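Engineer: Next come the chains, spelled out residue by residue.
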Amino acid sequence: MDFALTDDQQLLSDTARSLFTNEYPLSVVRAHADDPSAADPLWKHLTEWVALGDGPLVDLCLFLEEAGAVLAPGPFFATAALYRPVVAALGREPAATGTVAVAGESGEWVASADRVRRFVVEADAVEEVVVVVPGGAIITGPLPARPVETLDSTRRLFELDVPMGEHAALPLDPDALTGCLERATVALSAELVGTARRILDMTVEYAKERVQFDRPIGSFQAVQHKLADMALDVERATAAVYYAAMAFDAGDADRHRAAHVAKAAAGRAARRAAKDGIQIHGGIGYTWEHDLHLFMRRAYASEFLMGSSDWHHERLAGLLFD
Amino acid sequence: MKLAWSAEDEAFRAELAAFLDQHAPPEAVEYGRHLADESSDGGAPPELLPDWARVWQATLFDHGWMVPGYPPELGGRNATPTQTLIYLSELAARDVPRSLHFPGYAIVGPSLLEFGNEEQRGLAPAAIRGDAVWCIGMSEPNAGSDLAGLQTRAVQDGDTFVVNGQKVWTSYAMIADRCMCYVRTDPDAPKHKGISVLMIEMDTPGIEVRPLRHITGAAEFAEVFFTDVAVPAAHLLGDVNDGWRITTGSLAHERGGLWVPGVARCRHTVDELVGVAKARGLDADPGIRREIAALYEEAASLWALGHKGFAAGAGGAEHSYMKLAYSELLKHQFEVGMTLHGPDGAVTSGEPGDPVWWRRFFASFAGTIAGGTSEIQRNIIAQRVLGLPRGA
Ligand SMILES: Cc1cc2nc3c(=O)[nH]c(=O)nc-3n(C[C@H](O)[C@H](O)[C@H](O)COP(=O)(O)OP(=O)(O)OC[C@H]3O[C@@H](n4cnc5c(N)ncnc54)[C@H](O)[C@@H]3O)c2cc1C
Chain A
1 MDFALTDDQQ
11 LLSDTARSLF
21 TNEYPLSVVR
31 AHADDPSAAD
41 PLWKHLTEWV
51 ALGDGPLVDL
61 CLFLEEAGAV
71 LAPGPFFATA
81 ALYRPVVAAL
91 GREPAATGTV
101 AVAGESGEWV
111 ASADRVRRFV
121 VEADAVEEVV
131 VVVPGGAIIT
141 GPLPARPVET
151 LDSTRRLFEL
161 DVPMGEHAAL
171 PLDPDALTGC
181 LERATVALSA
191 ELVGTARRIL
201 DMTVEYAKER
211 VQFDRPIGSF
221 QAVQHKLADM
231 ALDVERATAA
241 VYYAAMAFDA
251 GDADRHRAAH
261 VAKAAAGRAA
271 RRAAKDGIQI
281 HGGIGYTWEH
291 DLHLFMRRAY
301 ASEFLMGSSD
311 WHHERLAGLL
321 FD
Chain B
1 MKLAWSAEDE
11 AFRAELAAFL
21 DQHAPPEAVE
31 YGRHLADESS
41 DGGAPPELLP
51 DWARVWQATL
61 FDHGWMVPGY
71 PPELGGRNAT
81 PTQTLIYLSE
91 LAARDVPRSL
101 HFPGYAIVGP
111 SLLEFGNEEQ
121 RGLAPAAIRG
131 DAVWCIGMSE
141 PNAGSDLAGL
151 QTRAVQDGDT
161 FVVNGQKVWT
171 SYAMIADRCM
181 CYVRTDPDAP
191 KHKGISVLMI
201 EMDTPGIEVR
211 PLRHITGAAE
221 FAEVFFTDVA
231 VPAAHLLGDV
241 NDGWRITTGS
251 LAHERGGLWV
261 PGVARCRHTV
271 DELVGVAKAR
281 GLDADPGIRR
291 EIAALYEEAA
301 SLWALGHKGF
311 AAGAGGAEHS
321 YMKLAYSELL
331 KHQFEVGMTL
341 HGPDGAVTSG
351 EPGDPVWWRR
361 FFASFAGTIA
371 GGTSEIQRNI
381 IAQRVLGLPR
391 GA
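Chains A and B supply the protein sequences, listed in that same order.
When the letters of the first sequence are read in order and numbered with my numbering, they come out as residues 1 to 322.
When the letters of the second sequence are read in order and numbered with my numbering, they come out as residues 1 to 392.
No wet-lab data here; the hints were simulated from the structure.
These figures come from a predicted structure and were not determined experimentally.
Backbone N, C-alpha and C define an ideal beta-carbon position, used for all residues, glycine too.
One or more of the hints may lead you astray.
[As the list claims (entries may be wrong)] Looking from chain A toward chain B, a few residues come up when the C-beta cut is under 10 Å (computed): (1) Ala4; (2) Lys208; (3) Lys275; (4) Asp322.
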């Protein structure tokens with residue numbers, strides 16, 4: 001198990017970081033909350049990167065980690081992490097943008113035959129929608145989509161009504177589908193870890209600057225220990241994500257467990273970072289003005305997307321016990 | 001990033017595996033399985049250093065498998081850091097301990113090599129081979145986490161130091177040949193600047209060892225009293241009043257690899273917890289399933305973190321993440337193991353061969369207290385990794 005980045009991977013990570021920090025200022029993220037088209041001009045920076053979805057999962061994760069650190073809005077995650085692998089598994093050429101409709105009425109991310117599809121990511125911003133059904137998938141153009149209001153305006157979710165009878169389903173092996181969804185779960189975890197790390201960094205910075213009782217609040221042990229635990233969780237989750245990505249890239253038998261571990265670890269790390277991050281910021285953290293709540297919103301929304309930590313623990317237990 | 005090791009490193013593992021298949025004594029495997037229990041029978045303290053353990057450590061040394069990163073004359077084979085990691089993982093996977101007394105090979109050997117003069121460096125092979133058993137005299141009644149507050153006095157008188165004072169919680173003191181002992185040589189200097197290190201023969205007149213039983217009632221550490229103990233000045237390690245550098249140096253030495261057996265133990269324990277839940281008919285309980293899965297998640301992600309930190313060449317302070325995390329996780333896991341037994345959780349007579357969960361739980365506090373408490377690890381992470389200012 002070798003975690004050292006190759007030169008190419010290092011370059012990819014550095015490139016992603018400068019791309020996202022330069023092109024995705026939080027001002028645009030905020031503007032996007034009121035008018036999603038505010039982020040449209042940014043999309044041109046990412047179109048050439050969507051093919052990362054077809055390559056090694058480690059590379060996609062390196063890229064998404066940086067996207068998560070700036071809360072990048074838009075259809076990149078849906079297209080690269082969700083849509084392209086499923087389209088490839090169906091043996092079709094991908095459109096420029098796409099998303100996948102998985103969860104039915106129950107909201108669980110498992111193949112369903114339901115007409116209603118919930119939590120479809122960026123459904124109104126893509127050219128194609130792949131609707132997963134038991135044993136197969138339907139590829140369609142855009143479908144009428146009802147926005148679902150969530151905590152997090154930076155990732156837009158929709159509910160769809162799928163005209164089931166009108167399209168023939170292409171066959172899709174259930175294991176292949178599971179593989180695609182698990183890969184996407186790891187990718188989402190990478191993005192989430194990027195968000196959690198950003199919260200940690202912001203909070204450590206703040207703790208060094210903010211002075212009370214004539215000293216930086218970061219010198220108080222109650223604050224230090226919270227930050228130490230937060231950092232440990234973020235490090236642990238990051239390692240879990242890249243281990244899982246390596247396991248997928250190697251086709252290792254441990255990859256199914258590793259995917260659940262990655263999402264659960266990332267979700268827990270992000271929740272802790274968000275909660276303690278706001279607390280350590282005090283009053284300023286409670287304001288709309290301060291950016292921190294944008295990160296907390298994303299952190300919790302991503303924790304609940306594609307299975308919460310609890311859900312992944314349940315699934316993991318299935319692999320450990322049964 | 002990739003999962004597989006290189007062909008060369010796999011060959012290294014294969015050679016080690018063949019060696020272990022051939023040479024590892026059954027007692028070592030048996031001992032390793034019960035390591036967390038401190039003693040398998042729960043009765044009188046087990047024999048601290050049985051013959052098989054002495055022979056095994058010497059065998060490892062003689063075949064270059066004791067500390068593989070060292071050259072052959074120090075019990076190694078000039079292995080790369082990656083190979084050392086593979087070595088530690090393989091031992092941990094088999095539950096085979098290298099030695100039953102870690103201070104010699106893990107702390108004293110490296111410290112002698114780094115800080116000793118030529119003659120003192122000559123003591124290193126015996127410390128690593130286990131021919132000489134060492135104990136570490138750091139903690140005192142009034143100096144634990146604040147080690148620099150230690151008060152055991154050494155006064156130089158010609159070519160001897162005369163030592164008076166007391167150490168406590170000294171593991172292996174009952175069987176040790178020598179003690180690497182931290183003493184105060186300048187009481188007037190700021191507390192970090194007046195400390196020296198003496199290598200003291202444990203049979204020197206004036207030393208009294210009083211065993212203290214562990215919380216489990218089984219194994220022991222000791223109080224060590226020094227009354228006018230004469231130590232040749234030649235047994236000073238490093239310079240007078242320069243001992244603090246050795247503390248930090250020597251503790252950093254082996255910490256780097258300690259996480260490997262620690263996290264491996266966490267991983268094995270999850271498997272055992274699954275077994276206990278099944279045996280007690282609790283494996284359909286959703287709460288218990290989730291709880292055990294969460295413990296698996298923590299152990300698996302720590303295993304990955306150890307490897308990741310290793311690849312990044314993480315320094316001493318980063319190891320605090322691992323030390324903190326696996327010692328706390330293990331404690332939590334053992335507590336869950338007790339809880340799974342319901343009303344039997346507090347019953348101390350187990351079936352022979354049963355893991356004794358209460359004993360493991362009790363023993364696991366050694367991990368969160370010794371070698372820098374969990375709170376101290378958090379301080380280190382906050383101040384030395386995250387760069388937060390020191391407290392008042
Ligand atoms: C099984 C075992 C084996 C040991 N073997 C050896 C040995 O071989 N040689 C040796 O020299 N020592 C040994 N020790 C001693 C060990 O290193 C000390 O127990 C440890 O450093 C803590 O010191 P203390 O016991 O004095 O506790 P204290 O330092 O008094 O700590 C008490 C509590 O206060 C907390 N605390 C203290 N300072 C701070 C701080 N700055 N911030 C936050 N919290 C703080 C601690 O975390 C702890 O919870 C051993 C201990 C154990 C349990």
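Engineer: Run every hint past the structure and note whether it holds.
Structural biologist: Now for the hints, and whether the structure bears them out:
no.	hint	result
1	Ala4	holds, 4 Å
2	Lys208	holds, 6 Å
3	Lys275	violated, 17 Å
4	Asp322	holds, 8 Å
In this structure, only the earlier hint numbered 3 is contradicted, and the remaining ones agree with it.
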